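Novice: Given next are the chains, with one letter for each unit.
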Amino acid sequence: DVKVTQSSRYLVKRTGEKVFLECVQDMDHENMFWYRQDPGLGLRLIYFSYDVKMKEKGDIPEGYSVSREKKERFSLILESASTNQTSMYLCASSTGQGIYQPQHFGDGTRLSIL
Amino acid sequence: GESVGLHLPTLSVQEGDNSIINCAYSNSASDYFIWYKQESGKGPQFIIDIRSNMDKRQGQRVTVLLNKTVKHLSLQIAATQPGDSAVYFCAEKGGDYKLSFGAGTTVTVRA
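Here the protein sequences line up with chains X and P, keeping their order.
Going by the numbering used here, the first sequence runs without a break in its numbering and finishes at 106.
Going by the numbering used here, the second sequence runs without a break in its numbering and finishes at 328.
Hints were generated in silico from the structure; no laboratory data involved.
Keep in mind that the hints are not guaranteed to be accurate.
Okay, the calculated bits of chain X under chain P, using three or more residues with CB under 8 Å as the criterion [to be verified]:
no.: 1; region: 28 to 34
no.: 2; region: 39 to 53
no.: 3; region: 94 to 102
Residues of chain P clear of chain X, computed beta-carbon distances all greater than 12 Å [said to hold, decoys possible]:
no.: 4; residue: I237
no.: 5; residue: G258
no.: 6; residue: S302
Bear in mind that the values here come from a model prediction, so they are computed numbers and not experimental data.
Cβ coordinates follow ideal geometry from the N, Cα and C atoms, glycine included.
So here's chain P without its partners, still in its complex pose (with noise of 0.2 Å):
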């Protein structure tokens, strides 16, 4: 499948402030993407998901920007908090019910 890749392979973030969480993607022809935590001993949580159709999502502390021009998603996670502490997937649908996920960000909530 096509390759989704994330930024940085690790972020710290101070408890309170904003986390921001980037993904590149390559397949132009992707039209649907989604964003998974994953906690240590546990599998990937859906957090939050957009269509291509759309450039903003928000849901509860969190939003997803997708930029089409450039391939890029973000994930937004307002007032970071220590149970944010986890690993975030994107993942992208480019045509059948079958996802191609990037290798994680692991984010560390420092307190």
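If we strip away everything but chain X, and leave its shape as in the complex, we get (with noise of 0.2 Å):
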């Protein structure tokens, strides 16, 4: 089975502080995906990546970044958090085989910014 781990599964920051999510997967999987997920919006597409030092912004982009050092690894930075990015935190993968493939998503970070 596909393995999706994020590294916490809750995380309370403060405003300003620069935040790091780390995502890893151990399925060899060429794309990696970061999602919010806030009630009535469903999940909303951050940023992904199709390979290694490869980055591609999603619909809400703004206030984030990534880092994609090596395959396994994706990890989501919050530069200098803000309230308005208190939410759940959902990153996938999925195989670059083909494009008829799903996304395999981890439990999630709920994240906190006071």
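Using the hints, build the complex out of the two chains.
Specialist: Right, here's the structure in full:
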């Protein structure tokens, strides 16, 4: 089974802090994604990556950056955390072998910015 | 991205009955659809997928139906069990590897 592991289940940070969310997948997947999930808004794509050192903006990239130095690891960075970034953050991965492949998700990091 | 919506935000079903969860999509170019299940405190879990060259696909106790004419997708769960209580999302792929998600339907199974 695909396993996507997010380093923290719960995280509390203060406004203005730099926050790192880590995600690791063990299936040698080429594609990795970061979403945020808010009530009534569904999943919204922040950033994604098709390969090492490669990144693409999603639908809501403002206030975030990402890093993919190794194939199995994709990090989401909140440069200066703000209260409107309080949310559930979900990481996903998918194989690049064919375009009709599902994404597999981690269990999320619930981030609170005080 | 294109919007993907679900017809009802909540669904209550008697244990043992069949459940039908609906989803409408707007992008006629979408060629791949996925259903996910999200239990409380967990991430979305892949249930079943279907490509646009198919009308129906069956899995274990689940069936996905795709009607491209009216851009409608449904997930049928046979003999619903308490463990099926969760939020169900449909997702569509319109071009590259990205997916667009609906807001979800919360399914509650009554004993």
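Novice: Checking each numbered hint in turn, tell me which of them this model violates, lowest number first.
Specialist: Number 5 - this is the single hint that the structure violates.
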